[in-house]
Amino acid sequence: MVQDQATRRLPAQSSQRALTGSTLRKLRLGVIEVVLVALCLAMLLPLVLTLVYSVTPESDIFNWPITWIPTHPNWANYVEPFVKEHFQLYFLNSIVVATAQTLGSLLFASMAGYGLAKFSFPGRTLIFVFMLSTLMMPAQVILVPLYVLVRQLGWVNSFQGLIVPGLVDSFGIFLMRQFALSIPDEYLQAARIDGASELTIYRAIVLPMLLPAISALCIFTFTGSWNQFLWPLVVVDKFNLWTVPLGMTQYMDAMVAPRWGELMATSIIALVPILVVFLAAEKQFVQGAAISGLKG
Amino acid sequence: MASVAVGKPRLHLSMTNRLRLTGFLFTLPALVFFLTFRLYPMLRAFQISFMRFDFLSPGQYVGLDNYTQLLQDQRVQASFIATGEYLVMHAVPMWICSFIVALLLVNPLRRRGLYLGVLYLPNVVTTVVAAIIWELLYQPNGLMDQLTYWLNPQGINWLEDFTWAMPAVVLTSFWRSLGFYTIIVLAGLLAIPQEYYDAASIDGATSWQRFWSVTWPLMKPQTLLVVVISFIASLQAFDAFFVMTDGGPGDSTRVLAILIYDEAFQYLRMGPAAALSIILFLALLILTVGQLQLFRGAVDEVV
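From first to last, the protein sequence lines stand for chains A and B. The opening residue of the first sequence carries number 10 in our numbering; numbering runs sequentially from there. The opening residue of the second sequence carries number 53 in our numbering; numbering runs sequentially from there.
Simulated from the structure, these hints should not be mistaken for laboratory data. Heads up, a few of these hints could be off.
[To be verified] Pairs of lysine-lysine, DSSO-like flavour, derived with a Cα cap of 30 Å:
| no. | chain 1 | residue 1 | chain 2 | residue 2 |
| --- | --- | --- | --- | --- |
| 1 | A | Lys127 | A | Lys247 |
| 2 | B | Lys272 | A | Lys93 |
| 3 | B | Lys272 | A | Lys247 |
| 4 | A | Lys93 | A | Lys247 |
| 5 | A | Lys247 | A | Lys35 |
[Stated by the list, open to error] Stretch by stretch, here's where chain B covers chain A in the computed footprint (C-beta under 8 Å, at least three residues):
| no. | region |
| --- | --- |
| 6 | 118-126 |
| 7 | 161-172 |
[To be verified] Negatives, chain A to chain B, calculated, CB over 12 Å:
| no. | residue |
| --- | --- |
| 8 | Pro66 |
| 9 | Asn72 |
| 10 | Leu101 |
| 11 | Glu207 |
| 12 | Cys227 |
| 13 | Thr252 |
| 14 | Trp269 |
| 15 | Met273 |
| 16 | Leu284 |
All figures in this text were calculated on a predicted structure; none of them were measured in a lab. Every residue gets a Cβ at the ideal spot worked out from N, C-alpha and C, and that includes glycine.
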C-alpha cells in the first residue's frame, strides 16, 4: 500500500526553473542524502557498540578511546548467561507467551474485525468505539485492578496470568476492521446463496482476504509481546516463569558489579528472534506502522 | 428444510436477523475479553481508589482519604513534575523531528527503503534491552563521556545527576521511537496527491507556501495521531526508567508510572496506587479532549 505510493511518487517535483533547477535539485538531494546517512549511522551506533562490547573482555569495556575491534574476543560472554542463569528457560517462556498471544490476537481480532465491518447489528458502533477507546488508555490505569482480578482468579505465577490479560488488543481489531471493510459484499452473498455456512465463509473467504493485515498484526503482536515487561514483572515472581526482559533485569540486579560484556551478549541474543522477524518482514513492519496512521 | 424432518423445533430467524446474530457472535469473544479485562478493571480502579486495600486484610472504604493524602504527598508532586518534564522533552521534540525526517524522506531518494529500515530498526529493540544498552553508554568513561569530552572533560555521571538523568532517559526512548513516528508521518505525506503540489506550483507558490497551504492542512490526521500516541506513550513510560534510574536520583525521574508501581507493588498500597491511576486517567482524558478540539475535523478522518 505505502510501497506502491512510494514508487508512484518517484517522478521529480515540478520544475519551474528549468536548467539551473535540475542542478540545484541534485545538490539539494545530495545534501539530504548526507543528512540521512549521518542520521542512520547515529541510530546504528548503539547497536554496533552492543555487538562490539558483547565480545570485549570486561577489563577493556571502558577503554579510552573505545576498542572497536577487540584483539582477544571473549566468546565466553555468550555462554555464561546460559550456564549461570537459566536463559534457555526464559527464552522458552518468552516464545510460549508471544506465540499464544499472537495466535489469540489473530483469531479474536480477525473475527471481531470481520463481525464489526461486515454485519450490522444493534450496538455495533458502540462496541467498536468502546474497544477503540481502550487504545488510548495507558496500561498503568488498570494495572492495579487487573492484578487484583488475576490474583482472585488464582493466576499469579502462571502462564494464564502472563498470557490471558494481553490476549486481544484493540489495535488488532481496528486493523482487521479497516481491512475487512474492503471485502466486497458480493463475495459473501454469493457464498451464502451457495449454501456455505458462516464459519466456512469466514475461513475460506474472509481470512485469505485479510492475509496482508494478518501478517502485519502477527509481527506487531509478536514483537509487542516479546517486549512486554511491566505485566510479567507484576504477575510473576518465580524465576521458572520469567520472560527474557524480566530475566535480564533480574540477572543485572543480581550482579555485584554489572558484567557488561555478558549483559551485551545477552542483549544480542535477546534481539536475534526479533531481528530475524524484522529482516524477513521489514515491509510489514513499515506497513503496519503506516496503516495505523492512515484511514483505511 | 431439514428442520421439519428432524422434528425438533428450530429457531426460525429471518435472513436479516440471522446475519445480525452472526455478526454479533463473531464479535462476542473479543467483547467478552474487553468487558472482563478492560472495562471491569477500569470500574474496579475507581472502587479501589476509595479503599484501603493490601490483600492482607479485607478492603475497607476510606472515602476520599487516598486522594487528599496524595495531593499533599511531596513524591506525588515530584512525579507530576517528572512526568511533565518527560512529556515536554520527549513528545514535543518528537513531533518536530519526525516531521523533519519524514519531509527529508519524502524526496525521490533511491535508497529510501534502506534509510527507513535503519531508522525503524531501534524500534524493534526490546525496551528493556535498549535501556540496558544505553545504561552502559552513560557509564563513566562510556561512549557519552567520550563524545562530550570536548565540552566537559571531567565527565558526568549521567544517570545519577539531578540535571542529566531525565534527558539521558529521554534520549534512549527518543532513539527507540523516532523511526516509528517518522513512518506514520511519511505515510501521510506520501498519500498527498502530487497534483496538489503541481497546482500550487503553477499558481506560483514557493516551497514554503506549498508546505503551509498543502502539506500542513492535509497532514492534520497524522499530526493528531502522532500527538495523541506520543502523549499516551509518554504518560506510561516505565521500562527505561525502571531499568536506568529507578526513579532516582532523589525523585527526579520518578514519573507517575514508576510511582504507581512503587505504591502498589513495593508498599502494597493498592488504594493510593489506584487513586493515582485515576488521576492519570483524568489527566489523559482532559489532554485528549483538548487535542481533539484542537484538531477538530481531522478526527473523522482517523476513525
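For this session: Taking the shortest Cβ-to-Cβ distance between Asn72(A) and chain B, state whether it exceeds 12 Å.
Result: 8 Å, violated
For this session: Mind verifying the non-interface call on Pro66(A)? Its CB should be farther than 12 Å from each CB in chain B.
Result: Fine: 15 Å to the nearest Cβ keeps Pro66(A) off the interface.
Problem set entry | Whether Met273(A) stays farther than 12 Å from all C-beta atoms of chain B, as the label says | 7 Å, violated
Problem set entry | Reported absence of Glu207(A) from the contact zone with chain B (all CB gaps over 12 Å) | 5 Å, violated
Exercise. Is the straight-line distance between the alpha-carbon of Lys272(B) and that of Lys93(A) 30 Å or less?
Worked result: Not OK: Lys272(B) and Lys93(A) at ~53 Å, beyond 30 Å, violated.
Exercise. Holds or violated: are the alpha carbons of Lys247(A) and Lys35(A) at most 30 Å from each other?
Worked result: Outside the cut-off at roughly 60 Å; violated.
Exercise. Are all C-beta atoms of chain B more than 12 Å from that of Leu101(A)?
Worked result: 16 Å, holds
Problem set entry | Coverage criterion applied to the region 118-126 of chain A (partner chain B; beta-carbon cut 8 Å; 3 residues) | Held - the region 118-126 of chain A has 6 residues with a Cβ nearer than 8 Å to chain B, which meets the minimum of three.
Exercise. Regarding the pair Lys272(B) and Lys247(A), is the alpha-carbon distance no greater than 30 Å?
Worked result: 47 Å, violated
Exercise. Is it correct that the beta-carbon of Trp269(A) has no partner in chain B closer than or equal to 12 Å?
Worked result: 5 Å, violated
Problem set entry | No chain B beta carbon within 12 Å of Cys227(A)'s | For Cys227(A), whose nearest Cβ neighbour in chain B is about 14 Å away, the distance exceeds 12 Å, so it holds.
Problem set entry | Coverage assertion for the region 161-172 of chain A with respect to chain B, Cβ distance below 8 Å, three residues required | Our answer is that it is violated, as 0 residues pass the Cβ test (under 8 Å) against chain B, missing three.
The structure fails hints 1, 2, 3, 5, 7, 9, 11, 13, 14, 15, 16 (numbered hints given earlier, in ascending order).
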